[in-house]
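**Q** Those protein sequences? They're chains V and P, same order as listed.
Position 182, counted from 1, in the first sequence is what this note's numbering calls 182; the numbers after and before it change by one each time, with no gaps.
Position 174, counted from 1, in the second sequence is what this note's numbering calls 174; the numbers after and before it change by one each time, with no gaps.
Bear in mind the hints are in silico, worked out from the structure with no lab data behind them.
Just so you know, even glycine gets a beta-carbon here, dropped at the ideal spot from N, CA and C.
One thing to keep in mind: the hints can contain errors.
[To be verified] List of simulated lysine to any residue pairs, SDA-like, C-alpha gap at most 20 Å: (1) Lys80/P with Asp83/V; (2) Lys80/P with Asp52/V; (3) Lys42/V with Gln94/V; (4) Lys73/V with Gln54/V; (5) Lys42/V with Gln83/P; (6) Lys80/P with Lys126/V; (7) Lys126/V with Lys85/P; (8) Lys85/P with Thr91/V; (9) Lys73/V with Lys85/P; (10) Lys85/P with Ala193/V; (11) Lys214/V with Ala176/V.
[To be verified] Some chain V residues near chain P, calculated using beta-carbon distances under 8 Å: (12) Arg66; (13) Leu80; (14) Gly218.
[Unchecked claim] Which chain V residues stay away from chain P? Per the calculated CB distances, all over 10 Å, these: (15) Asp38; (16) Lys126; (17) Leu184; (18) Lys212.
Take a look at the letters that make up each chain.
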Amino acid sequence: MQNMSTALGGFNVGRLANSKPQRTPGRASQAVIGDLADSDEKLLIAVGNRQDTQAFNVLFSRFATRIYAMGMKLTRNEQLSHDLVQEAMLTVWQKAPLYDLDRGNAQSWIFTLTRNRCFDMLRKIKRQPSCVSADDIWPQDGDGEHHLVHEEQGSLEVEVALIERHYTSLPAPQQAVIEQIYMLDRTHEEAAAELMIPLGTLKSRLRLGVGKLKQLIGIEK
Amino acid sequence: MTTDVNYHPAAELLEAFAQGTLSTGLSVALSAHIELCASCREESRRLESTSALAWSQAPAQERNEDVTEDFSALIASIVKQPQLKELSSEQFSVDKIHMLEHSVTLPRALAKVASEGLVWKKLAGGINQAQVTLDDETQCEFIYMKPGSQVPVHKHQGNEITLVLDGSFSDELGHYQAADFVVRNQAHLHRPASEEGCLCFAVLDGPLAFTKGLARLFNPINRYRFRRATSQ
Ligand SMILES: [Zn+2]
Numbered sequence: 001m002q003n004m005s006t007a008l009g010g011f012n013v014g015r016l017a018n019s020k021p022q023r024t025p026g027r028a029s030q031a032v033i034g035d036l037a038d039s040d041e042k043l044l045i046a047v048g049n050r051q052d053t054q055a056f057n058v059l060f061s062r063f064a065t066r067i068y069a070m071g072m073k074l075t076r077n078e079q080l081s082h083d084l085v086q087e088a089m090l091t092v093w094q095k096a097p098l099y100d101l102d103r104g105n106a107q108s109w110i111f112t113l114t115r116n117r118c119f120d121m122l123r124k125i126k127r128q129p130s131c132v133s134a135d136d137i138w139p140q141d142g143d144g145e146h147h148l149v150h151e152e153q154g155s156l157e158v159e160v161a162l163i164e165r166h167y168t169s170l171p172a173p174q175q176a177v178i179e180q181i182y183m184l185d186r187t188h189e190e191a192a193a194e195l196m197i198p199l200g201t202l203k204s205r206l207r208l209g210v211g212k213l214k215q216l217i218g219i220e221k
Numbered sequence: 001m002t003t004d005v006n007y008h009p010a011a012e013l014l015e016a017f018a019q020g021t022l023s024t025g026l027s028v029a030l031s032a033h034i035e036l037c038a039s040c041r042e043e044s045r046r047l048e049s050t051s052a053l054a055w056s057q058a059p060a061q062e063r064n065e066d067v068t069e070d071f072s073a074l075i076a077s078i079v080k081q082p083q084l085k086e087l088s089s090e091q092f093s094v095d096k097i098h099m100l101e102h103s104v105t106l107p108r109a110l111a112k113v114a115s116e117g118l119v120w121k122k123l124a125g126g127i128n129q130a131q132v133t134l135d136d137e138t139q140c141e142f143i144y145m146k147p148g149s150q151v152p153v154h155k156h157q158g159n160e161i162t163l164v165l166d167g168s169f170s171d172e173l174g175h176y177q178a179a180d181f182v183v184r185n186q187a188h189l190h191r192p193a194s195e196e197g198c199l200c201f202a203v204l205d206g207p208l209a210f211t212k213g214l215a216r217l218f219n220p221i222n223r224y225r226f227r228r229a230t231s232q
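One chain only, chain V, in its complex shape (with noise of 0.2 Å):
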């Protein structure tokens, strides 16, 4: 489990190695903040968390370029770029609360997904035979296991004075989102936006904490 401080500064690497104007020294962790919030990560996490539309106004117009020309290298069709665009945009857009921070950055995430809905519309084109999609052949490893969290709730909320105990052996990220579910009772989209992380990170995280949880405290087999 990657630290989150440490995903992030690798991020604000990222950003600040893209030749940025240079802030005073003085204001240097607030210049950190200030790449951070328009990183693509931080816009993501606000177009999942809160439907932020102007966030993906923004994204729109940094992706826009960039699909349709994966389209034109997949397709060589103008036409069939501009629906992968729209189509492309309307997943990141649906797709938003899933993003996951701990799988990849937002570029991936929208890379994966564009090339995902090019394949998908190419068959279609093709008419080739519907047995098959991207989403079976380029699976998420993630998938289908974010329901196991509901689930597992009821179980969990008993054990509330064994997970203090061991919980602080957990790495950080997971301790923040455990403490924020069980302990302050949070709902997992106030906690998400608490922690500024993605919904879809929030849960894997959860996930994961629970489940060693779970191993220390002896439950589990």
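We have chain V; now place chain P with the ligand onto it with these hints.
**A** Using the frame of chain V, we list chain P with the ligand on its own:
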């Protein structure tokens, strides 16, 4: 899952897979191998992120103005759509393939392909074959070699990849087990045989379907091929 995998797709093939440029048939075969092979899984994740990086850093093209046309109406219609809070994970009713007395759990993409039902044909030499249609460029089939079966000597035009799913088979060049990804090129005499029985998924291109660019993707060392059992 399986750790002891000896035959892997060439790096260029993995890269083309990550970029989505392969035919559906080949993509399904690559997907299935990657699910069974930890090292190719790791490599394909790495290739995916380097491809994404190259993509996001590519210089803007001259068509910029076209694409930055007024998208406000499109954006307005997109943001009216509901978002997904949970991924609707489709459950496949069939994830196993039943072959005579035993059944085999298939990788996800192949399970999906097989879920619509396979029609098995008996061929000579103890070979069973079930064709599936995935695209116009390749011919895909499940092949089941009965224990003790031997394919008659045969020649074939084109390329074929064979992914071993269960059991094993041998030819003049080696012994292939579950998860092995075997590439064979055209026009070599070849005698695959299976002592213990073997279930495979095979992807063949027609003699003319492969461009030179694509043919280059295949590992030139593996020049013998697991031939198709239909003709002759
Ligand atoms: Zn491999």
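**Q** Evaluate each hint against the coordinates.
**A** Right, here's what the structure says about each hint:
For the hint linking Lys80/P to Asp83/V, the alpha-carbon distance of about 18 Å falls within 20 Å, and the restraint holds. For the hint pairing Lys80/P with Asp52/V, the CA-to-CA distance comes to about 12 Å; that is within 20 Å, so the pair holds. Proximity of Lys42/V to Gln94/V is assessed by CA-CA distance (about 16 Å); at most 20 Å being required, the pair is judged to hold. The suggested pairing of Lys73/V with Gln54/V is violated, with an alpha-carbon distance near 29 Å, which exceeds 20 Å.
Among the hinted pairs, Lys42/V with Gln83/P is consistent with the structure: their alpha-carbon atoms are about 17 Å apart, no more than 20 Å. Taking the CA atoms of Lys80/P and Lys126/V, the gap is about 30 Å. The hint is violated against a cut of 20 Å. This hinted pair does not check out: Lys126/V and Lys85/P have alpha carbons roughly 32 Å apart, beyond 20 Å. A distance of roughly 13 Å separates the Cα atoms of Lys85/P and Thr91/V; the hinted pair therefore holds under the 20 Å criterion.
Only pairs whose Cα atoms come within 20 Å are accepted, and Lys73/V paired with Lys85/P is rejected, the gap being roughly 32 Å. As the CA atoms of Lys85/P and Ala193/V are separated by approximately 15 Å, the hinted pair is consistent with the 20 Å bound. Our distance criterion of 20 Å between C-alpha atoms is met by Lys214/V and Ala176/V, whose separation comes to about 17 Å. Among the interface hints, the one on Arg66/V holds; its C-beta lies about 6 Å from the nearest C-beta in chain P, closer than the 8 Å criterion.
At about 14 Å, the closest approach between the beta carbon of Leu80/V and any beta carbon in chain P exceeds 8 Å, and the interface hint on this residue is violated. The beta carbon of Gly218/V comes no nearer than 27 Å to any beta carbon in chain P, farther than 8 Å, and the hint placing it at the interface is violated. For Asp38/V, the condition that its CB be more than 10 Å from all CB atoms of chain P holds, with the nearest at approximately 15 Å. Look at Lys126/V: its CB is around 7 Å from the nearest CB on chain P, not clear of 10 Å, so calling it non-interface is violated.
No beta-carbon of chain P comes within 10 Å of the beta-carbon of Leu184/V; the shortest separation is about 21 Å. Distance check for Lys212/V against chain P: the nearest CB is about 22 Å away, which clears 10 Å, and the non-interface claim stands.
Hint violations for this structure: numbers 4, 6, 7, 9, 13, 14 and 16, all remaining hints satisfied.
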